[in-house]
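Engineer: Letter by letter, the chains look like this.
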Amino acid sequence: MKWFLDLFSSSLGRKVLMALTGIFLILFLAVHLAGNLQLLKDDAGKSFNIYADFMGHNPLIQLVSKGNFAFILLHAIWGIMLTIKNRKARGPQGYANPNKSSVWASRNMGILGTLILIFLVIHLKDFYAQAHFGSLSTQVYEGKEVTDLYTQVAYWFNVEWYVSLYVICMAALGFHLWHGFASAFQTLGLNHMKYNPVINFVGKTFAVVVPIAFAIIPIFMYLGISF
Amino acid sequence: MKITLKVWRQKDTNSKGAFKTYQHDHVSPDMSFLEMIDVLNEELTHKGEEPIAFDHDCREGICGMCSLYINGRPHGPLQTTTCQLHMRSFTDGQTITVEPWRASAFPVVKDLVVDRTAFDRIQQAGGYINVNTGGVPDANVIPIAKKIADEAFDAATCIGCGACVAACKNASAMLFVSAKVSQFALLPQGQVERKERAEKMVAQMDAEGFGSCTNTYACEAECPKGIKVTNIARMNREYFTAMLSSYQIETKGGGD
Ligand code: HEM
Ligand code: FES
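Just so you know, the protein sequences line up as chains H and V, in that order.
The numbering used here puts the first residue of the first sequence at 1464, with every later residue one more than the last.
The numbering used here puts the first residue of the second sequence at 22, with every later residue one more than the last.
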């Protein structure tokens, strides 16, 4: 087993954990977005509430959700530890002029990640914890009683500072992914002339489209736009 | 040309250093950066002051001995070695800040000179191949695709100057180590020690206290030899494959 521990405590192995959990979180974001977009449907929250109820009670999805929490924690704790360790590698004396020959986002993954983490805590407290452990009112659709998460979301998405925070954090997520998406492939050793253009294109597109789509939801709900 | 130089002066590894400012009024645009410091050092020596210590050897851009972190960039504003950088790359009246490479694995020896023997130890850990003695083998007896040979050669052009470490925000040595792992991993001659090499060189790199790679690619942007970060991805592959599939070698002490 020693080789296994050596592998994951090496500087390369630590990064594999970041890359694998990062890619899982990217997949999670795509699914999460598809669900959230139903908030913009002009049906007083019916499809969103039914969807949230399904996600909250399906045993398989609940299992993946627990794994998701573990991966977010692992990614965040590991990321912060790596950032501190990497800073130490510079030595006691830093540069008077830090080097700027790289993309800004790539040099600030720790700060961007921490912003996302702060957002996640607030987000989970107001939505996830409320849906699972809170005392939200219910709605009855076709004879089935489900938690009315929509009203809770609509409440917060009418509060200016909340909407602003949401949008700012989505920008941070966008920058995190602008670097992170392709970076994860490089970390795993998946760098090949034939596939690099595809990875880069998909990564950059994802980093722009997904956070904007997430951010549009509170903005539209604040402005009262639905489809 | 007249320039103002802000230079890091430090007596030895254990003393505290500080920037010292020098007014340099006798600079020709045709001087190399190192010649410019030579002239300043002459002046300092005549005045009875301690000249500025800096590393250099070939002054032809091939040995990797010169260093200097100039205005926020290793080897200064051009993607060359400092010995190949000329004062025409600067403007009259400019203030130029010169710092040593900064990395806990590269401690300052004096002024702008840092100890880069960490790189030697990484090389010694696995950057070699075994060749049998005996008759001289025929050239070209081992077939290899031209493209692969070229790629190995490109990796082998690394001169080990340490600009990658100096540029990286994590002081990571990945570009250097990956070039050294790649040059042999690509060649038939490098296959015997292939897995062992990746494992040992990475272990030594970590033991020296270099940071992890965050794929910022500042190293590639600053490397005077244009070493590519594809080498880093290759080393990641080499290392993971080695760790997952190699025989574990237990070494037991012999005589001592
Ligand atoms: C849904 C949210 C998130 C996603 C999709 C995500 C995705 C990623 C990806 C794909 C990478 C690239 C991994 C690599 O370079 O190999 C990465 C790196 C990183 N992430 Fe996240 N991340 C998220 C949240 C966070 C959080 C909450 C933190 C908390 C601090 C964080 C901190 C970091 C750091 C520091 C790195 C750089 C690690 C390194 O390269 O050494 N991330 N992230
Ligand atoms: S002195 Fe040899 S490379 Fe600059």
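Just so you know, these hints were derived from the structure itself, not from any lab.
In this text, a Cβ means the ideal position worked out from N, Cα and C, and glycines have one as well.
Hints are not guaranteed to be accurate.
[What the hints assert, rightly or not] List of simulated lysine to aspartate or glutamate pairs, EDC-like, C-alpha gap at most 16 Å:
| id | chain 1 | residue 1 | chain 2 | residue 2 |
| --- | --- | --- | --- | --- |
| 1 | V | K41 | V | E71 |
| 2 | H | K1551 | V | D46 |
| 3 | H | K1563 | V | E241 |
| 4 | V | K23 | V | E56 |
| 5 | V | K27 | V | D46 |
| 6 | V | K32 | V | E56 |
| 7 | V | K131 | V | E70 |
| 8 | V | K131 | V | E71 |
| 9 | H | K1509 | H | E1605 |
| 10 | H | K1548 | V | E229 |
| 11 | V | K32 | V | E71 |
| 12 | V | K23 | V | E64 |
| 13 | V | K221 | H | D1469 |
| 14 | V | K23 | V | D51 |
| 15 | H | K1551 | V | E71 |
| 16 | V | K249 | V | D171 |
| 17 | H | K1607 | H | D1516 |
| 18 | H | K1548 | V | D227 |
[Stated by the list, open to error] Estimated spans, in silico, between C-beta atoms of each pair:
| id | chain 1 | residue 1 | chain 2 | residue 2 | range |
| --- | --- | --- | --- | --- | --- |
| 19 | H | S1627 | V | N35 | 48 to 58 Å |
| 20 | H | I1631 | V | N151 | 33 to 43 Å |
| 21 | V | T262 | H | V1566 | 27 to 37 Å |
Engineer: Hints first: check each against the structure and report whether it holds.
Structural biologist: Here is what the structure says about each hint:
no.: 1; hint: V/K41 <-> V/E71; result: 12 Å, holds
no.: 2; hint: H/K1551 <-> V/D46; result: 39 Å, violated
no.: 3; hint: H/K1563 <-> V/E241; result: 13 Å, holds
no.: 4; hint: V/K23 <-> V/E56; result: 15 Å, holds
no.: 5; hint: V/K27 <-> V/D46; result: 14 Å, holds
no.: 6; hint: V/K32 <-> V/E56; result: 22 Å, violated
no.: 7; hint: V/K131 <-> V/E70; result: 15 Å, holds
no.: 8; hint: V/K131 <-> V/E71; result: 11 Å, holds
no.: 9; hint: H/K1509 <-> H/E1605; result: 11 Å, holds
no.: 10; hint: H/K1548 <-> V/E229; result: 13 Å, holds
no.: 11; hint: V/K32 <-> V/E71; result: 10 Å, holds
no.: 12; hint: V/K23 <-> V/E64; result: 15 Å, holds
no.: 13; hint: V/K221 <-> H/D1469; result: 12 Å, holds
no.: 14; hint: V/K23 <-> V/D51; result: 13 Å, holds
no.: 15; hint: H/K1551 <-> V/E71; result: 31 Å, violated
no.: 16; hint: V/K249 <-> V/D171; result: 13 Å, holds
no.: 17; hint: H/K1607 <-> H/D1516; result: 10 Å, holds
no.: 18; hint: H/K1548 <-> V/D227; result: 12 Å, holds
no.: 19; hint: H/S1627 <-> V/N35: 48 to 58 Å; result: 51 Å, holds
no.: 20; hint: H/I1631 <-> V/N151: 33 to 43 Å; result: 58 Å, violated
no.: 21; hint: V/T262 <-> H/V1566: 27 to 37 Å; result: 29 Å, holds
Violated hints for the displayed structure, listed by number in ascending order: 2, 6, 15 and 20.
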